[in-house]
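A.B. asks: Chain by chain, the residues:
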Amino acid sequence: MSEVNASMVAGQRGTVEPFDVARIREDFPILRQTVRDKPLVYLDNAATTQKPQAVIDTLLQYYGAQNANIHRGVYRLSVKATELYEEARRKVRRFLNASRVEEIVFTSGTTDAINLVAQSYVRPRVSRGDEILLTEMEHHSNIVPWQLLCEQTGATIRVVPINEAGELEMNRFHELLTDRTKFVAISHVSNALGTINPVAEMVAAAHERGVSVLVDGAQGVPHLPVDVTAIDCDFYAFSGHKVFGPTGVGALHAKYELLEEMPPWRGGGDMIKSVSFDGTVYNDVPYKFEAGTPNIAGVIGLGAALDYVSAIGLSAIAEYEGRLLDHATRVFSSLPHVRVIGTAAEKASVMSFVVDDVHPHDVGTILDQQGIAVRTGHHCAQPVMTHFGVPATVRASLAFYNTTAEIDALATGLNEVIAVFE
Amino acid sequence: MMNDSMELYQDVILDHNKSPRNQRRIEVADRKAVGYNPLCGDHVSVTIKLDGDVVSDVAFEGSGCAISTASASLMTESLKGKTLEEAKHLFERFHGLVTGETEQLEEAEGMGKLAVFSGVCNYPARVKCATLAWHTLKAALENDDGKVTTE
Ligand SMILES: Cc1ncc(COP(=O)(O)O)c(C=O)c1O
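Residue numbers (my numbering), protein chains in the order written: chain U, 3 to 424; chain D, 2 to 152.
Isolated chain D, as found in the complex (with noise of 0.2 Å):
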């Protein structure tokens, strides 16, 4: 039962759960949305800070379960550093990879931790929550009126 359940449920999940990253709110954001999915109540704002075209800084702050919250932990500390452009990539492929549109391990290569969440795509279910801080960052990059609903 228990190697059932880890698959999805991975150790660093669990560690990001637990201790999320980045949970605090960036006062003066330069970029910042939230996200809600309405399914389950979740909610998360995520705010960012830039430097030219780079994060500098990026948090998020909100509720959600393990799944949601260790995506977005994981999300911040993925970020860092990246220019918009490859952030914006970095959600493609994370998207590819969770909803299991584009090939697993050629997708999970090259993406570091966040190659724990290739489990989530054999629960269709649970895909949204893995998806809502980063449907949330998308928005917030894109700077469109910044509220997100995943549903």
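Extracted from the complex, chain U is given alone in its bound form (with noise of 0.2 Å):
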């Protein structure tokens, strides 16, 4: 990739700014690699994203003068470690503009958020004939933790369904939204397809019903401004690795009142005031929640991310990215044989595909032999295969560091597949 283009964007307030990709790919040093002798060209970013050199050297510097257990020791390290965590804590309310820092519950990633939020705060509050309100394009990580409270508690799913550019059909979202229902759970922005979807309108919508809503925002936060102020939402959850910091970390973002209300989830150290055969006493919102030692050098590094990403600005980053889709969904209206699933008016940058006649495992490997990394399968969407009658797809994620020329030589690429099954 030696002739990437720094392309204009707007900027704040209206002026043009570049958007200097080249700029930005030197602060990512896994970008510099070759794979079988040609350049990484990295377009799986919704599996997870790549880590700037400012989140790496967090990371160092954690481990290499920094390290020690929090919320406990009277000792400087101690001290130090716990700043740097409730710093990062601060950090993710700003992220997210939420109103107070208490709300920020930090976790091993949505995945977690989910079942957190499944178990402590739905569970006590359904029973036989309610139900919970799903979309058909959810991640298996926003169906099974449902499924595992319907077994447990006897509610039953419903699910809104998508049309055939992979958007929510809003009418029976609204048909489906009544008296039995007791809560929804819905994506930000789907993993498989790139659909955006509404969410302040349907949040509101289901508050006019009194029901929470939880919006799984794993492929939100990656490239949205996202405001849990605005949503309304009862609780938004997202991954660390999936913008651009480190795995095994993540945040459950609640109001302070339902976190207030929910029982501990885990128990354990850090998640109480005091311990005796007894009773014991549980600790503070969001510390209750947080038992055991947490990923601490994982909440730190996410800081960091969060810090390198809002240094470009999310606005920045939506234009850009916007563009890139504009130039992938015209590169790739004009390839042969090349189906796009998924073309949704408001879409972030995610291309799924499927070739004629090719299985989607024999384009990943092709694709492999000249360095472009996609992912290839259901995506952890069986549902939403099923609803387009394919059992796997291509898929392209596009992040910020990604490049008009990395999608041209997606398409070549494409094109030497095509010629091998010719």
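Bear in mind the hints are in silico, worked out from the structure with no lab data behind them.
Heads up, a few of these hints could be off.
Covered, in the sense of this in silico footprint (three residues per stretch, anywhere, with C-beta under 8 Å from a C-beta of chain D), are these stretches of chain U [unchecked claim]:
id, segment
1, 192-206
2, 219-227
3, 376-384
So these bits of chain U aren't anywhere near chain D, every CB distance computed over 10 Å [unchecked claim]:
id, residue
4, Thr50
5, Asn69
6, Val76
7, Arg95
Beta carbons: idealized from backbone N, C-alpha and C, even for Gly.
Could you fit the two chains together into a complex? Lean on the hints.
C.D. replies: Listed below in structure tokens is the structure:
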């Protein structure tokens, strides 16, 4: 990728500033490598994102000079580690525009956060006859925790269908939202299709009926400015590794009053004020949901990742990725035998597609030979695959460090695929 | 670029993917099993007709990638006329070949067309595609519950 061009995007206040992608790529050491003597073209950002040097340095610095357990030492190192950990919580609050820092619970990721909400908030509130409303485009991690909950409580799951473009059928959403609905869980952005859902509108409709809503933001935070106060959702979950931070860490934003009402989900150290065999006093929100030694380095690294993307600016990122998506859409429309799955009007930079008569795994292997990393499979969204009548798709998911030249390399790779199988 | 792709996608594999042999179901089968690869959603069923302990007919059905389809097709071709013991032995050899557990040249020798899969061991993510039909065959031969997954 020698000729990456700085493309122009509209900056704050309507001025035009260059989005200097060549400069940004230098922040990501992994992008310098070659695969089979070809430059790595990393297009699997919906699975996990690469890490900027700032995040890597933060982890090195933590383990090299700051490591100690938190919330329990009187010595300097432990106090410092605790400060760094709590500072990261403030960064997450700011990043999501949450109203209080206590509303941020650190988890091991989106999956962990959804399970926490299902077990601690929803489980005590539902029984047979009640319904949990999901959508057809959910990731398995926003399906299976609810199925477990239904097995435990006798509640049932209802599903908002999607149309041929991969958008929610909003009239069906409103019809399915009834007196039986006790909870709604929806993704902000679909990992398999790229569709951006009208979450604020859905939250408002649910709230009119007194129903709480969880938004799975795993694919929201990497692509869009997220404001949980504006969305007004009750819960918002995301993973650090999908927003250029470390693996094994994530966060749940929850409204303070709800966290107050919720019982702890896991017991252990750190989530208590005092323990005796006669009874235990739980710690305050949010600590009562953070049992055991957390992923301290991960949390601090997540804070560094949020600093990094905030410095670029999520609006600038969304704008630039919109241009990438337009370019990709144009290039794909001229490729024979390629069908794009997911053509929503509101869409993040995800291209899911199938190639006529060629299985996605064969496409993936041939692209890999050209150094191009794409995901092939069902993307943990088997109901979406069923809807479109395909066993799997190929998915190129773009981040702000990708370039139009990389999309062109993908197109060349796809022509190679078609040539091999002709 | 073409050459890289051809290491794995040899002509024989592309041919068997395009026109698979014995892709059908033996209605009155003596042995059968179904296999499923949850990673890619591929599934295959294998049906076998025996004449004593000799495989007189073998067929497969299912959908999958080029590697798994060609593997199933070539498997059926290479099994006809083999005894149950020989079939099991061929499974072991094929498995060794594609997982790279055994010396390739030595292993590929005498395997006929199946040797085209020797490139698979350089693609660890694709070994399961090449072995799905064979694992299903093994289950059919052993006549256990007849269901396998390769994960
Ligand atoms: C939309 C969506 N939700 C949830 C998840 C689960 O995230 P994690 O595996 O980090 O918990 C993912 C990740 O693939 C996702 O894309």
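A.B. asks: Could you check the structure against the hints above and give me the numbers of any it violates, in ascending order?
C.D. replies: Numbers 1 and 2 - these are the hints that the structure violates, sorted from lowest upward.
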